[in-house]
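Peer 1: Use the sequences and the hints to build the structure in full.
Order-wise, the sequence lines are chains Z and Y.
Numbering of the first sequence is given in our numbering, commencing with residue 2 and proceeding in unit increments.
Numbering of the second sequence is given in our numbering, commencing with residue 1459 and proceeding in unit increments.
It cannot be assumed that every hint is accurate.
[As the list claims (entries may be wrong)] Distance condition first, Cα-Cα at most 16 Å in a straight line; then the derived EDC-like pairs of lysine to aspartate or glutamate:
#1 Lys-1491/Y x Glu-95/Z
#2 Lys-1662/Y x Asp-92/Z
#3 Lys-1491/Y x Glu-118/Z
#4 Lys-1722/Y x Glu-1631/Y
#5 Lys-1662/Y x Glu-118/Z
#6 Lys-1730/Y x Asp-1703/Y
[What the hints assert, rightly or not] Label pairs and their computed distance ranges (CB to CB):
#7 His-1469/Y x Gln-17/Z: 49 to 59 Å
#8 Gly-1679/Y x Ala-44/Z: 14 to 24 Å
#9 Glu-61/Z x His-1503/Y: 16 to 26 Å
[As the list claims (entries may be wrong)] Beyond 10 Å from chain Z on every Cβ pair, some chain Y residues (computed):
#10 Tyr-1468
#11 Glu-1502
#12 Leu-1542
#13 Pro-1546
#14 Lys-1578
#15 Asp-1593
#16 Asn-1614
#17 Arg-1615
#18 Ser-1702
#19 Phe-1743
#20 Phe-1751
#21 Arg-1772
#22 His-1778
#23 Arg-1780
In short, the hints are calculated from the structure, not lab data.
The beta carbon of each residue, even a glycine, is placed where N, CA and C say it ideally should be.
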Amino acid sequence: MTTVLESIPETLGATQPWVENGGVFWLNYPNLNVREVARAMNALQARFVTITAYQLPKDEGLRLEYHWDLDGLLLGFSFQLAGNSIESIYDLSEAVDWIEREVHEGFAVDFIGREYEPLLLRQGDKLGMNMREEVK
Amino acid sequence: MSYKIPMGPYHPALEEPYKLDLICEGETVADAKLHIGFNFRGIEHLAETRNYIQVIALMERVCGICSNIHTLTLCQALEKLTGLTPPPRAQYIRVVMAELERLHSHVLWAGIAAKLMGFKTMFMTCFELREKVMDVLQAISGNRVNYSMNRIGGVNRDIEDPLALLGMIDALEREMVRTIIPIFTTSRTARSRCAGIGVLTREKAVSCGVVGPVARASGVGQDLRRAAPYAAYAEMDFEVPVQSDGDVRARLLVRALEIMESCKILRQSLTKMPSGELHSGDGKFNFITGTAFSRVEAPRGEVMYSVSWKEHSRNPSRVHVRTPTFANMPAIRYMVLGARLADTPLIQASIDPCYSCTDR
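Peer 2: See the structure below:
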């Protein structure tokens, strides 16, 4: 397992090693590409777990954390969003379908390259329903 | 000619509201679309307005069946943020509660599956058994749904006489071996309603990322109690039942065998339970700034919490919950393809869906 884990940064072109924090192995590399990560995870038969969206303070935007399970190890890949969009990995992993739709509706994130059907939104609801509004 | 049959959001075959739009050609299902969110409660958002005591009570209400699992997962994440380690006795009590909850959830599901098959007597037998498990949960915690057993750093209540529970475990196991497993495995009615119905292949199970008994019934053998042990599971000896057929019968068999394994784990945890404290920290702790993650194997599969906290803050800044039904439900679409319309209630029930968790 250690060898498999060590091979992932090299596959993704990351220069930093894994960092274990909060029960997750993180690969903190600013130039990670979400689709390359998904391809690497698929090649290792890792299981997609979830995406957690964070609204950052003030106007710093959003951060998405993608989690994959590799034989019981929880792996984490963090992506700071430029604007409100990121490439979709739905065509690479159909397990992301519902969570991409939920994050789209809850945080108004546009997952580029896919179409959406409403998941939680009802007629008249607006995108970004889970975002905090600044107190004035 | 194809036509659309809407099932739900309020339908006799569904215990909670969700909608399945079935595109049928004659009696055969050609496609299906799922719709959720009819009772969406925004609990993740609400959690950001609750302090560390209130948030445990709130997350216990994510699910009406595995309420204990949600507080266990949350408390494990909060323990990483406070540096508290539950004492050994608390870890064993957590295992006992988690396995009792698995038992009552699986027996409840067996009853509902029997009812959908037209086996009303079996439904009553299962619910009578479940009642006995609920009695034990009530005897331990004083509650039948929300047990309030977990706290940061341990548990709130002791199991004063663990060995007294062994009689219930024996009776439950006897009833499973004598009645429920033989009927589910050998009865012609059960076989004809379940075998070869609602198949989810191993390939689809992997690509859909399904978890728990649904995955294990399709040949994907992951169980977090074994793969990433938590509480006192590393000290327990048990098997992870796996079937490869991927049909309703395989899901039924996996859960039946898991009941037997739960009895085995309960017997070990009750007889080996160490003495000692129930919690650490004396109620005094500080949160560090950061995000912590926790995963447990709920009756329906993996539950994951990520919890973010800022030092000196009263409330969490983010709580994200990934429930097993959220991962399993999209696979229903593939299970019902090519199925008879009359089988769809049983197929959708075979994932043991919890819409309460999904509409968290």
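Peer 1: Each hint should be assessed against the structure and marked as holding or not.
Peer 2: Structure-based check of each hint:
no.: 1; hint: Lys-1491/Y x Glu-95/Z; in the structure: holds (15 Å)
no.: 2; hint: Lys-1662/Y x Asp-92/Z; in the structure: holds (14 Å)
no.: 3; hint: Lys-1491/Y x Glu-118/Z; in the structure: holds (10 Å)
no.: 4; hint: Lys-1722/Y x Glu-1631/Y; in the structure: holds (9 Å)
no.: 5; hint: Lys-1662/Y x Glu-118/Z; in the structure: violated (21 Å)
no.: 6; hint: Lys-1730/Y x Asp-1703/Y; in the structure: violated (36 Å)
no.: 7; hint: His-1469/Y x Gln-17/Z: 49 to 59 Å; in the structure: holds (52 Å)
no.: 8; hint: Gly-1679/Y x Ala-44/Z: 14 to 24 Å; in the structure: holds (20 Å)
no.: 9; hint: Glu-61/Z x His-1503/Y: 16 to 26 Å; in the structure: holds (19 Å)
no.: 10; hint: Tyr-1468; in the structure: holds (16 Å)
no.: 11; hint: Glu-1502; in the structure: violated (7 Å)
no.: 12; hint: Leu-1542; in the structure: holds (15 Å)
no.: 13; hint: Pro-1546; in the structure: holds (20 Å)
no.: 14; hint: Lys-1578; in the structure: holds (35 Å)
no.: 15; hint: Asp-1593; in the structure: holds (35 Å)
no.: 16; hint: Asn-1614; in the structure: holds (24 Å)
no.: 17; hint: Arg-1615; in the structure: holds (26 Å)
no.: 18; hint: Ser-1702; in the structure: holds (17 Å)
no.: 19; hint: Phe-1743; in the structure: holds (16 Å)
no.: 20; hint: Phe-1751; in the structure: violated (4 Å)
no.: 21; hint: Arg-1772; in the structure: holds (16 Å)
no.: 22; hint: His-1778; in the structure: violated (4 Å)
no.: 23; hint: Arg-1780; in the structure: violated (4 Å)
In summary, the structure is inconsistent with hints 5, 6, 11, 20, 22 and 23 from the numbered list given earlier, while agreeing with the others.
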